[in-house]
Structure formats: structure tokens, C-alpha cells
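Listed below are the residues making up each chain.
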Amino acid sequence: ELKVEQNPLFLSMQEGKNYTIYCNYSTTSDRLYWYRQDPGKSLESLFVLLSNGAVKQEGRLMASLDTKARLSTLHITAAVHDLSATYFCAVGRSGGGADGLTFGKGTHLIIQP
Amino acid sequence: DARVTQTPRHKVTEMGQEVTMRCQPILGHNTVFWYRQTMMQGLELLAYFRNRAPLDDSGMPKDRFSAEMPDATLATLKIQPSEPRDSAVYFCASAETSGEFIYEQYFGPGTRLTVT
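In the order they appear, the protein sequences are chains Y and X.
No gaps in the numbering here: position 67 of the first sequence is 64 in our numbering, and each next residue is one more.
Plus 311 on top of the position in the second sequence (first one is 1) and you've got our numbering.
Since the hints were derived computationally from the structure, they do not count as laboratory data.
Because the structure is a prediction, the values reported are computed rather than measured.
Glycine residues also receive a C-beta, built at the ideal position from the N, C-alpha and C atoms.
A couple of the hints might just be wrong.
As the list claims (entries may be wrong) - DSS-like cross-link-like pairs, simulated, lysine-lysine; straight-line CA separation at most 27 Å:
#1 X:K322 with Y:K0
#2 Y:K38 with X:K389
#3 Y:K102 with X:K389
#4 Y:K53 with Y:K38
#5 Y:K14 with X:K389
#6 Y:K102 with Y:K53
#7 Y:K38 with Y:K102
#8 X:K322 with Y:K38
#9 Y:K53 with Y:K0
#10 X:K322 with Y:K102
Unchecked claim - Per the computed footprint, the stretches of chain Y lying under chain X, defined by three or more beta-carbons under 8 Å from a beta-carbon of chain X, are:
#11 35 to 47
#12 72 to 84
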């Protein structure tokens, strides 16, 4: 059974600090997805990582993928309050994603002034 | 701006009643997924369709849940009879599939279901 584990599950940090969220998965997959969810809202796609060594950056967020270690990271640089949300990583059930995604439990991120 | 739409956005019903949730995928997307989100279980895949054909519904309780796609612009998820443990947010997502790969899934706004 495919397992996707995120840590930490809860993170409270101060504005201006840096932090990393980790996502481990149990299957061989060369693509991984990161989503953001605000309270009461839907999931918003942040990054699609398509191969080993992939790195993508958008503003203060940077995601990377190491398929050999089955590990993805989401790094937050100089956090701002607007980044407070729950972040999910997800892996395709059979790698490619066409048969659906398995999600981690999510990391609830609170950024305080 | 193409997006997935879902109706209703909120539904409160009594135990034993039938509930039908609807989803309109993005035009041109050939794959539709239904997910359920709860605090305890997180996000779970319930079922999915490709080119309107059901490919996997193993995530659904078979005795009470059914999913259909009567045409390319409408997917439905029905619960009959509903139970309090069905209370959750139900998301529909659509994607364009090439072989075993998708680039990205686009999620609808969700239907928040409360069964009393």
C-alpha cells in the first residue's frame, strides 16, 4: 500500500524565518505534487515535480524532489503571514497519477508576526 | 478561466436521506476523480472515470455510494441512505490524461456535507 508521510504535521513559525516541510513516500514514483489549502477552501496546485532532481520555485516557496530517497521538500524562505495554510504533498497511486493521487496528512502552517 | 464546478456547495441532511452531488469537469478533460476529505482520514480517493467509464470505485462504500458520469460535462456522486459518518467535504477533480500520466489535477470548490 502506498504511504505518503509528511512532517511536521503542525508548524508555528515567526515571520522572516526559514523552514522546510518534508514528504516521504513509499513507492517508486518520478513525479510528486504539492498543494495548498486555505481554511474552508479547495486545493490549489503549487508545484508539479516531474523527475528526479526537479526543483521549482515560486516566490518564497521552493520544492525539490529526490526520487532515489523517495523524498520531497518544500522550503519556505523568509516566511510571511500570507503563507499560513495547510500544505499537502501527493503521489500518483501508480506513479503517473492517471489513476488518482495519494495524499499526505498535510502540514498545518501558522506564521505569526 | 476554466475551472471545475460543484453543486451544491453545502448540504445539510438527515440520516437516511439521499444525497446527490454534481460536478462539471473542465471542458476537454477526460478524467474525473472524486475525493473525500475528513479530519480523521484526510484526503481519500473514492472513484474515478476516464472518458466517462468508471475505472475504479474501490474507495467507496459499495452498499450506499454510487458514482456515474452520464455525459462528458457531468459527474455525480450519490449517497443513499446517508449516515452521520458520511459528513465530509467531497471534492471533484479533473485532468487531461496521456496514457498513465497526468500533468495536473484541478480541484473543484467541494461540497460540504453534514448528515445529522
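Are there three or more residues in the region 35 to 47 of chain Y whose C-beta lies within less than 8 Å of some C-beta in chain X? holds (count 6)
- Query: Hey, K53 of chain Y versus K38 of chain Y, does the alpha-carbon distance stay inside 27 Å?
  - Reply: Measuring from Cα to Cα gives roughly 24 Å; hence the hint holds.
Hinted pair, alpha-carbon criterion (27 Å max): K102 of chain Y, K53 of chain Y. Please report holds or violated. Holds. K102 of chain Y to K53 of chain Y sits at ~22 Å (cutoff 27 Å).
Does K322 of chain X pair with K102 of chain Y here, judged by a C-alpha cut-off of 27 Å? holds (25 Å)
Just to be careful, I want the Cα atoms of K38 of chain Y and K102 of chain Y compared with a cutoff of 27 Å; is the pair within it? holds (16 Å)
8 Å C-beta test of the region 72 to 84 of chain Y against chain X, three or more residues: violated (count 0)
Taking 27 Å as the top limit, are the C-alpha atoms of K38 of chain Y and K389 of chain X close enough? It holds: about 22 Å lies between the C-alpha atoms, which stays within 27 Å.
Self-check item: Distance restraint between K322 of chain X and K0 of chain Y, which requires alpha-carbon spacing of 27 Å or less
Solution: Violated: K322 of chain X and K0 of chain Y sit about 31 Å apart, past 27 Å.
| message | What's the verdict on K53 of chain Y and K0 of chain Y, does the C-alpha distance respect the 27 Å limit or exceed it? | response | holds (23 Å)
Quiz item: K102 of chain Y and K389 of chain X: Cα distance at most 27 Å?
Solution: holds (26 Å)
| 27 Å limit on alpha-carbon distance, applied to hinted pair K14 of chain Y and K389 of chain X | violated (46 Å)
* To do: With a cut-off of 27 Å on the C-alpha distance, tell me whether K322 of chain X and K38 of chain Y pass.
  => Holds, because 16 Å separates the two Cα atoms, which is no more than 27 Å.
Going down the numbered hints, you'll see the structure goes against 1, 5 and 12, while the others check out.
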